Amino acid sequence: MQAWWSALQQRRRDKRFLKKLREPEFVFLADAKSRLERKEFVSLDCETTGLNPKQDRIITLSAVKICGNRILSSQKFNVMVYPEISISEESIKVHHIRHVDLQVGEVLSERQAIEAFLHFIGSATLVGYYLEFDLAMIDRIVKPWLGSGLPNPRIEVSGLYYQWRQQQHRDSMHNAHYDLRFDHMMEKLELPMFSQHDAFNDALMTGMAFLKLRSLLYGDLSAH
Amino acid sequence: MASEQQLQFLQQISPFSSLPIKLLSQTAQQLDVVYFPSDSVIKEFDSLFIVIKGLVKERRGETVLGRYAGGSFFGEQLLLGKSAASVQVEFLVEEEAILYSLPKSQFAELLEKDRGFYDFFHSSIAERLDSLYKTQQMASATEVMMDTVCLAPIRPLLKVKASASLAETAQILRKNAGDACLVEFAGNLPESERFGLFSSSDLLKALAEPKSHDEFSIHKVGDYASRELISVHQFDFLFNALLKITRHGIDRLVVRDDQGFIGFLTQQDLMILFADQSGLALIKIDQADNLHELLKVSDQIDRLIDNLHHRGIKSHYIAKMVNELHRKIMQKLVELLLDSSLRDKVCLLVMGSEGRSEQILRTDQDNALLFADDLDKEERIKIDAFSDTFSQALLKLGFPPCPGGIMLNQPRWRQSYSEFCAQLHEWFDQPCEESFMWSAIFSDAECVYGNQAQLENLKKQLFSSLRNQPIWLHHFAAKALQFPTPVGFLGGLITIKNQRREWVNLKKGGIFPIVHGVRCYALEAGVQQTNTHWRIKALMDLEVFEHEFGIELGESLNFLQGLRLESMLQQQGIEEADSESIDISVLSHLQQDLLKEAFRVVERFKKRLSRHFKLHEVL
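Quick note, the sequences are listed as chains L and W, same order. Our numbering applies: residue 1 is where the first sequence begins, and numbers increase by one. Our numbering applies: residue 1001 is where the second sequence begins, and numbers increase by one.
One should not assume that every hint holds.
[Claimed, not checked] Only pairs whose alpha carbons sit at most 20 Å apart, straight line, appear in this in silico EDC-like list of lysine to aspartate or glutamate:
1. K1053/W to E187/L
2. K188/L to E1095/W
3. K1220/W to D1179/W
4. K188/L to E1004/W
5. K1022/W to E1095/W
6. K1053/W to D183/L
7. K76/L to E1004/W
8. K1057/W to D1583/W
9. K1053/W to E110/L
[As the list claims (entries may be wrong)] With the Cβ distance kept under 8 Å, some of the chain L side facing chain W (calculated, not the full set):
10. K33
11. R70
12. L72
13. S73
14. S74
15. F194
16. N201
17. S215
If you are wondering where the hints come from, they were derived from the structure by calculation, not from laboratory data. Every value quoted in this text rests on a predicted model; they were computed, and no experiment measured them. Every residue, glycine too, gets a C-beta built ideally from N, C-alpha and C.
Work the whole structure out from these sequences, hints included.
This is the structure we're talking about:
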């Protein structure tokens, strides 16, 4: 029932995207057939100038493909974006990216970064932790340009985690409030923590959490 | 920048850690992360897997070939094409695993581009072992202990003829700013008696004797020189030099090379190099004048062992050093506790592993006391009282009592020379389990204090009894086969499950058969040494063992003892610790390989032993 419903939703989302799409070059984002064949997932994360999607901008954008039980960290996507506004003091404290750091190495403009990103993800299912925020940041650039936000299906890792915790307590009277903080989730899942607040490491850890939760919730991976 | 995590991870793992940074970061870029839930089987054979977290078991049929936990890697056999039976090898995930996978192409590139990396995967076990030690030793670049003597400041050699006068000698010393010289005696003397040593303290002694100034030009230096020359080879380890100096209580050693003497090494210069605890511990024992101070030193020794082990010093050197310290402690105890009139009438023995200098941490007291036949009743009472306080003192110092009662406070192990001699003959005439055990322990005895001649005579009796009753040795040797070697037909380790962990008994499975087997060969060949490594060396010199086999046996023993020490250090403070075994899941991939190889050597040695002593006829 659920699977059927979400498949229907997805078909609608793809359709809406194709209808509104102004740049025909990007039809592949909604290519349902290749999505079905390739069964690819992309775990993504970005670091930003602040926490308001309307005002703030992306500084680094990282993504990594997941194929079967394998996180293809060797073919990662990792770019730095030149933000047109200044980075807030609070966020510098979190991700340790200062203005000067953006003056070394290759830094792309927002449009260049997102274009490369879209080619990287293709029609894959997007995976993230509080994905909504990252997607809002991305859609802020994509929408005025392509005419519509990203059509890709998405999986919220904190949602999977919540589901798993609930399943664990299904038989008890325990009506729990679950702690969904990232480090807490990684600890409960007994997964190794890499140094956090580096977009790539976060994407990688989110990917691991995804693989483990998927196996815990749905069993054998090869069936997917 | 994004592969920082992977890079740091690889830097912890040998042999990746020795790759140049450029190649290493290129490798880090190539890593994928793979996830396997518990009980799944890994079927991909096109990459090298490195465990981030979890536990993976390698098996062929029912035989477990290896276990890999965090930081170890597997799959290289298949990539190298070494494992022909690859189809049958299976990797089973025992505990949910997160792995890095390194593609075959990158692995091949590393093999091609880096000589060290290539050697690591293609070298024999003995070479690998050495490279393991080397990497461990790199971390201890400051450790001078294992440096060779020739790296220390060696003072130039001065030589005078024995016929030179004291005055002439003093002038030579003054001119060369030396404080000692070699004295060469004329005439047809054997090599060991051709040279003596004359130091500035000998000069002082000569000065102290009342004589007129003129006599210094008449008296010959040869009459004042010390004829006992203690020397050390220039390629020997510095800590052996330190041991010689402390053991003989001298100020300097004569350094020699293969041709002859080349210079002096003084205690003073050596102590500057050894400005760490090991040297200090030796000195402190010397200075202690009550039990309380000894107690403090013995605590330091434990910390010292831990420290040395982590610096990658081979276990038999640590053992040698520690045993020397233990012996010093015992000597000091005798001096503190025994009436001075009795000191040259007794002979204090350490036996078993302590006698072989293979004891690492303080374990059971295995000791005995011989005394002269002509003691009167009063003196014997004093000896008895001394024995009790001595055992108590050792107990306080952390040497637990021997459960088999092999301690000098037991009448059997505290006898006069003749009584003990009679007992020795009894062991041979009435062989039984106990007499075999006692003979084994006694044959490793060394004299720690007192009249060494008593022990030497007893050992002579032992060797002659062996010659008269060769069949005794055959039965004795059979004991080496009493425990099976924990390695399967296909080369996998046989383990014992306990508390959800898998253990291998290192002592029964490997160390004991080697030690006892070598003991049998040594007794048969009349080798005087007690330390197993020295026995092996002596047997190689006598051509009882081929050179290659001897080296292999020694290295295997070294490795097993090293692992055992590691396990003992880890289990220290744990109740019901099993000091004989090791939990194999804590071993790296390389260590597991080496362990299997070591057991294979043990197995070969047992076969050889069985043929040599015709054990199939005995058993």
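Against the structure, the hints:
no., hint, result
1, K1053/W to E187/L, "holds, 13 Å"
2, K188/L to E1095/W, "holds, 16 Å"
3, K1220/W to D1179/W, "holds, 18 Å"
4, K188/L to E1004/W, "violated, 25 Å"
5, K1022/W to E1095/W, "violated, 34 Å"
6, K1053/W to D183/L, "holds, 17 Å"
7, K76/L to E1004/W, "holds, 13 Å"
8, K1057/W to D1583/W, "holds, 14 Å"
9, K1053/W to E110/L, "violated, 37 Å"
10, K33, "violated, 26 Å"
11, R70, "holds, 5 Å"
12, L72, "holds, 5 Å"
13, S73, "holds, 5 Å"
14, S74, "holds, 5 Å"
15, F194, "holds, 5 Å"
16, N201, "holds, 6 Å"
17, S215, "holds, 5 Å"
The structure shown violates the earlier hints numbered 4, 5, 9 and 10.
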